[in-house]
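Produce the complete structure using the sequences and hints provided.
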Amino acid sequence: MLKEFLDYVQSKDFKVYGLTQDAITNEYMLVFNEFEFKRNYKYGKCANCKRHNTSEAWCRTCDPWKATQGWTSGNKEIDNCIKDFQLKATRYEDVIEWIPFNRLYNTQKIGKGGFGSVFSAMWQDGKRVVSGKCTKSRISCMVALKTLPDSRKNFLREFKSYTECRLFGNNLEVYGLTQNTTNNEYMIVFQYANRGSLHKFLLSNFRELYWKIKLKQLVDISENLIKVHEAEYVHGDFHSGNILQHQYINGDLTSYITDLGLSRKKDESDLEDSIYGVLPYVAPESDHIQLQQIFIALVSL
167 MLKEFLDYVQ SKDFKVYGLT QDAITNEYML VFNEFEFKRN YKYGKCANCK
217 RHNTSEAWCR TCDPWKATQG WTSGNKEIDN CIKDFQLKAT RYEDVIEWIP
267 FNRLYNTQKI GKGGFGSVFS AMWQDGKRVV SGKCTKSRIS CMVALKTLPD
317 SRKNFLREFK SYTECRLFGN NLEVYGLTQN TTNNEYMIVF QYANRGSLHK
367 FLLSNFRELY WKIKLKQLVD ISENLIKVHE AEYVHGDFHS GNILQHQYIN
417 GDLTSYITDL GLSRKKDESD LEDSIYGVLP YVAPESDHIQ LQQIFIALVS
467 L
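First residue of the sequence shown: 167, per my numbering; consecutive thereafter.
Rather than coming from a laboratory, the hints here were simulated on the basis of the structure. Among the hints, a few may not be true.
[What the hints assert, rightly or not] Computed cross-link-like contacts, DSS-like style, restricted to lysine-lysine with a CA-CA straight-line distance of at most 30 Å:
1) Lys211 / Lys242
2) Lys299 / Lys249
3) Lys366 / Lys382
4) Lys242 / Lys169
5) Lys242 / Lys278
6) Lys382 / Lys432
7) Lys302 / Lys254
8) Lys278 / Lys366
9) Lys393 / Lys232
10) Lys232 / Lys254
11) Lys249 / Lys211
12) Lys380 / Lys366
13) Lys366 / Lys169
This structure is a prediction, so every number in the text was calculated from the model and none was measured.
Now the structure itself:
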């Protein structure tokens, strides 16, 4: 109990006033003000608890719980997964959600990989933004949809990887999950990158790239990879085809790391001890092991 008390005292999220004891149950209780050090009058006031918000238009005490109410995907496992991440949201813009498929239109297939297909679509409700005097709003926008594997074991694995890395500051925005009502496939909904993969981008634009842009791309990629590692993940399939490029209206080019389908926690073993990925980027020792396995299989015939 005392260790937990000291942890709260040292936390930057709580202002601790002390301890008390319930006279009926004899239980000890902590007296604290949640997220007190993050509250600021510039963020506006929470309509529910009447205290200053913890970030612009967002109160971490009240708003995460409200985001979990009034919706369902029809799948308890998915509902619990989304709600778990909603409760961890520290900003209004970072809230993920269940997105009904009828709120997406102009869906077009734009790519296919070894572990799923990718589509573009317009999201009618759009991403969450905060503008002006901490005013919440939604802006219709183009998004990318990636199908999830059929395997129940890996059903939500990639989605959790994206969302946990996003919590640690990975730049690729994740908006939520949806389900194609035609074939019942589940899809991750995330930020659309209008310049495609780094591999394709370099094939057509390499001669026009100045060193300033190249260095900016390297910084973006390095920072994103650091965030993946800070979330205690290993990417597992890192190559130029899994780095996206997005160019903003002002001309700025930004790089994002994507495709976490083979990612795993750093303390996990390789997925089923199998070899996956794009061959030129596979570690030489992995290729050697695979050749040994093929040879042994042939000899045993």
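Query raised in the report: What are the numbers of the hints that this structure violates, sorted from low to high?
Result: 1, 4 and 13
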